[in-house]
Amino acid sequence: MAHVVLQDLVKSYGSFKAVNHVSLTVNDGEFVALVGPSGCGKTTTLNLVAGLTPITSGDIIIGERVVNDLDPKDRDIAMVFQNYALYPQKSVYKNLAFPLQMRKLPRDEIDKKVKEAARVLDMTHLLERKPRELSGGQQQRVALGRALVRDPAVFLMDEPLSNLDAKLRVQMRSEIKRFHQDLKATIIYVTHDQLEAVTMADKMAVMNGGYLQQYDSPAQVFAHPVNMFVASFIGSPAMSLIPLEASMANGNTVLTGAEGWRLELSARNAQKVAKATTRKVVLGARHSTIKLHKSAVPGSVPAKAYTVEPTGDVTFVQAFLSGAIVNISVPPNIAVAPDEQIWLEFDQERMHLFDGETEMALKAN
Amino acid sequence: MSTIAQTAPRAQARRRMRVDGWRWAGRIFLVFMLLYTALPMIWMLITSIKSGFAATQFPPQWWPDEPTLASYQKLLDPQNSVGQDFLRFFWNSLFVSTVTTILSVIVAVPAAYAFSRFSFPGRNFLFFAVLLRNMFPAVIFLVPLFILMRAIGLINTHGSLILTYLTFGLPLAIWLLKGFYDNIPVQLEQAARIDGATRFQAFVMIVMPLSTPGIIATAIYSFIGAWNEYIYAYTFLSKNEQLTLPVGIQRFFSENTTDFPGLMAASFMMSVPVVVLFLVLQRYFVRALTEGAVKH
Chain A
1 MAHVVLQDLV KSYGSFKAVN HVSLTVNDGE FVALVGPSGC GKTTTLNLVA GLTPITSGDI
61 IIGERVVNDL DPKDRDIAMV FQNYALYPQK SVYKNLAFPL QMRKLPRDEI DKKVKEAARV
121 LDMTHLLERK PRELSGGQQQ RVALGRALVR DPAVFLMDEP LSNLDAKLRV QMRSEIKRFH
181 QDLKATIIYV THDQLEAVTM ADKMAVMNGG YLQQYDSPAQ VFAHPVNMFV ASFIGSPAMS
241 LIPLEASMAN GNTVLTGAEG WRLELSARNA QKVAKATTRK VVLGARHSTI KLHKSAVPGS
301 VPAKAYTVEP TGDVTFVQAF LSGAIVNISV PPNIAVAPDE QIWLEFDQER MHLFDGETEM
361 ALKAN
Chain H
1 MSTIAQTAPR AQARRRMRVD GWRWAGRIFL VFMLLYTALP MIWMLITSIK SGFAATQFPP
61 QWWPDEPTLA SYQKLLDPQN SVGQDFLRFF WNSLFVSTVT TILSVIVAVP AAYAFSRFSF
121 PGRNFLFFAV LLRNMFPAVI FLVPLFILMR AIGLINTHGS LILTYLTFGL PLAIWLLKGF
181 YDNIPVQLEQ AARIDGATRF QAFVMIVMPL STPGIIATAI YSFIGAWNEY IYAYTFLSKN
241 EQLTLPVGIQ RFFSENTTDF PGLMAASFMM SVPVVVLFLV LQRYFVRALT EGAVKH
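Line by line, the protein sequences give chains A and H. Numbered per my numbering, the first sequence spans residues 1 to 365. Numbered per my numbering, the second sequence spans residues 1 to 296.
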């Protein structure tokens, strides 16, 4: 196992920069998820690390070696692809043996390793089958087996679960997590599904438009998103982002909504707003930090319920507020009807404030 | 409820009758097509086992009174001058067609792979330029190619034919194979390269085996094209010992117009390699034409 360092990595196609000055370090044995919407550069980044795409500038270090110009085969990596990329003409056994054969291992050693991998992944009975005779989950497992049979320095995984049905995906998710814990493997995992990233990774690198937005543990990213993109991308349902106007009234900082209501801020939040470059401030709040009231209480703001979605143990209410959609979760015993007048109370401790111009999170100090 | 139960079988029967009508029309059409293509070949076979006299009788002998393999023996006898010529023409055809086939696979496989996998300046233009050749009938190029071949001194050599057949066969071969490579996920090669193969090894060990049907189809197509070609062989070659079968048979037997059984026996033997190739490999040919053409 080894650590991986990306230094100021750039990949451009003509004038378009698919990967834009990305720097990050994956420590030995760490599980890092590259996450972002499609076209954000996460798969390109992975292909750069794999050596499948040549880099434009920057450095990639695996272990102690700079691997910029090395062929994929010399980088000591293994990769699991979204479509598994199993060799269709080879049996499962030969698929697993191929990387070892290419490294010219003696035949009895290959046999031993293939059988060991098959045993670990519980697919000894499948060894003689062809990939097309396997179910999606089994193919996925063979792909995983082909990666681990070689004991590489780094595992690269490119959306390995997105071709599976929902139930199998959840099951394989915990299997891959278990696989990481058992092997103490260094894994770089690309996904567009923020839930996969949050549940599996030690650290997540949120990307957008070729830029690395934030690189931290899922808990940190969730609790302290650095900008509006990360705030809205991580978490489900998405964090509500409400554009407001900051002003002073009686020595206090207040935010005014498009409907004219006012929200007085705590001292700490007032400090944050003071840092803004403009009077436009965006209030971010996760569904669970907003309290829904049926009547006006001090500190609450008026809104109108738009849709109500009971899911069983929690009911999601969507409301319009200052031109934005706000998600609120309420216990199922609180009945809300669409178009009903409601009042929302924001938790001052857990609300996020963003600069309306730069879209960056505002910090108290 | 009851009306539905009563009318349903009748409607079904009517539908089946209509379907049957079409099916029978189709069958009759197919039988007609089969007779249309098979009868001349059957007549060729029957004539080839007649004596020279029986072949020209009228009304014809539908089945020869005295079937004989004399024509075949004559053609395959290296002591006989007719046999010597026929075997030489056969060898010439085999040589030209085989070399054309090998070269066209050697050129088409990497060319199609490059068109499918790499992006380079002028890629689309080049690809359609390759296909442009197929828009014109082959005869148009007869005189220009003759002048060209004379200029580079290839007239009266088999090389001139091989070059010409490659020009005509390669566009479709490349097109066919490109379809194949387009359908092979690029991740397979990427996986192989990560698993320890060089780019070339990934191509040879993973992609080539998957495109075998396409390569076989390409080979059959080139071989048949070269084997049957007449007009260029007729124009480019004038020395008797160089002629290929289509021209050789025509030249040789037009001097002895009466020997119809010999002509038919030679024609039959000429069709044997093509038919055998096709029967053995038709499975791949059909797969290539359907799989390569249709995107999944």
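No wet-lab data here; the hints were simulated from the structure. Built from N, CA and C at the ideal position, the CB exists for glycine as well. It cannot be assumed that every hint is accurate.
Stated by the list, open to error - A few chain H positions that, by computed beta-carbon distances, are all more than 10 Å from chain A: (1) Tyr36; (2) Ala54; (3) Leu87; (4) Thr98; (5) Pro185; (6) Gln187; (7) Gln190; (8) Ile194; (9) Asp195; (10) Thr198; (11) Ile206; (12) Pro209; (13) Leu277.
As the list claims (entries may be wrong) - Label pairs and their computed distance ranges (CB to CB): (14) H:Val186 x A:Gly209: 23 to 31 Å; (15) A:Ser288 x H:Phe120: 23 to 31 Å; (16) A:Lys94 x H:Phe120: 54 to 62 Å; (17) A:Pro37 x H:Val186: 18 to 26 Å; (18) H:Asn124 x A:Ile61: 49 to 57 Å; (19) A:Leu105 x H:Met44: 57 to 65 Å.
As the list claims (entries may be wrong) - One-sided excerpt, in silico: chain A residues whose CB lies under 10 Å from chain H: (20) Val5; (21) Gly51; (22) Pro72; (23) Tyr84; (24) Ala147; (25) Arg262; (26) Lys280.
Verification of the supplied hints:
Every C-beta of chain A lies more than 10 Å from that of Tyr36 (chain H), the closest at about 41 Å, which supports listing it as non-interface. The beta carbon of Ala54 (chain H) sits about 55 Å from the closest Cβ of chain A, which is more than 10 Å, so the claim that it is off the interface holds. Residue placement check: Leu87 (chain H) keeps its beta carbon more than 10 Å from all beta carbons of chain A (closest about 41 Å). Distance to chain A confirms Thr98 (chain H) as a non-interface residue, since its nearest Cβ pair spans about 27 Å, more than 10 Å.
Separation of Pro185 (chain H) from chain A is inadequate, the least Cβ-Cβ distance of about 6 Å not exceeding the 10 Å criterion. Distance check on Gln187 (chain H): its Cβ comes as close as 4 Å (rounded) to a Cβ of chain A, failing to clear the 10 Å threshold; non-interface status is violated. With a minimum CB-CB distance of about 5 Å to chain A, Gln190 (chain H) fails to clear the 10 Å threshold, and the non-interface call is violated. Look at Ile194 (chain H): its CB is around 5 Å from the nearest CB on chain A, not clear of 10 Å, so calling it non-interface is violated.
Distance check on Asp195 (chain H): its Cβ comes as close as 4 Å (rounded) to a Cβ of chain A, failing to clear the 10 Å threshold; non-interface status is violated. Distance to chain A contradicts Thr198 (chain H) as a non-interface residue, since its nearest Cβ pair spans about 7 Å, not more than 10 Å. Residue-level check failed: Ile206 (chain H) sits 6 Å from the nearest beta carbon of chain A, not beyond 10 Å. Here Pro209 (chain H) does not stay apart from chain A, with its beta-carbon only about 5 Å from theirs, under the 10 Å limit.
The beta carbon of Leu277 (chain H) is kept farther than 10 Å from every beta carbon of chain A, the shortest such distance being approximately 24 Å. A hinted range of 23 to 31 Å holds for the C-beta pair Val186 (chain H) and Gly209 (chain A), which are about 25 Å apart. Judged by the Cβ atoms, the range 23 to 31 Å given for Ser288 (chain A) and Phe120 (chain H) is violated: they are separated by roughly 54 Å. Between Lys94 (chain A) and Phe120 (chain H) the Cβ separation comes to about 34 Å, which falls outside the hinted range of 54 to 62 Å.
Judged by the Cβ atoms, the range 18 to 26 Å given for Pro37 (chain A) and Val186 (chain H) holds: they are separated by roughly 23 Å. Roughly 39 Å separates the CB atoms of Asn124 (chain H) and Ile61 (chain A), a value that falls outside the hinted 49 to 57 Å. Between Leu105 (chain A) and Met44 (chain H), the C-beta spacing of about 60 Å keeps the proposed range 57 to 65 Å intact. Annotation: interface hint on Val5 (chain A) violated; nearest CB of chain H at approximately 20 Å, more than 10 Å.
Proximity of Gly51 (chain A) to chain H holds as hinted, the smallest CB-CB distance being about 8 Å (cut-off 10 Å). For Pro72 (chain A), the interface hint holds, the least distance from its beta-carbon to any beta-carbon of chain H being 4 Å, beneath 10 Å. Interface restraint check: Tyr84 (chain A) against chain H, minimum CB-CB distance 8 Å, threshold 10 Å, status holds. A least Cβ separation of about 9 Å between Ala147 (chain A) and chain H falls short of the 10 Å threshold, and the interface hint therefore holds.
Annotation: Arg262 (chain A) was flagged as interfacial toward chain H, and the flag is violated, the nearest CB pair being 56 Å apart, outside 10 Å. A least Cβ separation of about 44 Å between Lys280 (chain A) and chain H goes past the 10 Å threshold, and the interface hint is therefore violated.
In this structure, the hints that do not hold are numbers 5, 6, 7, 8, 9, 10, 11, 12, 15, 16, 18, 20, 25 and 26, in rising order.
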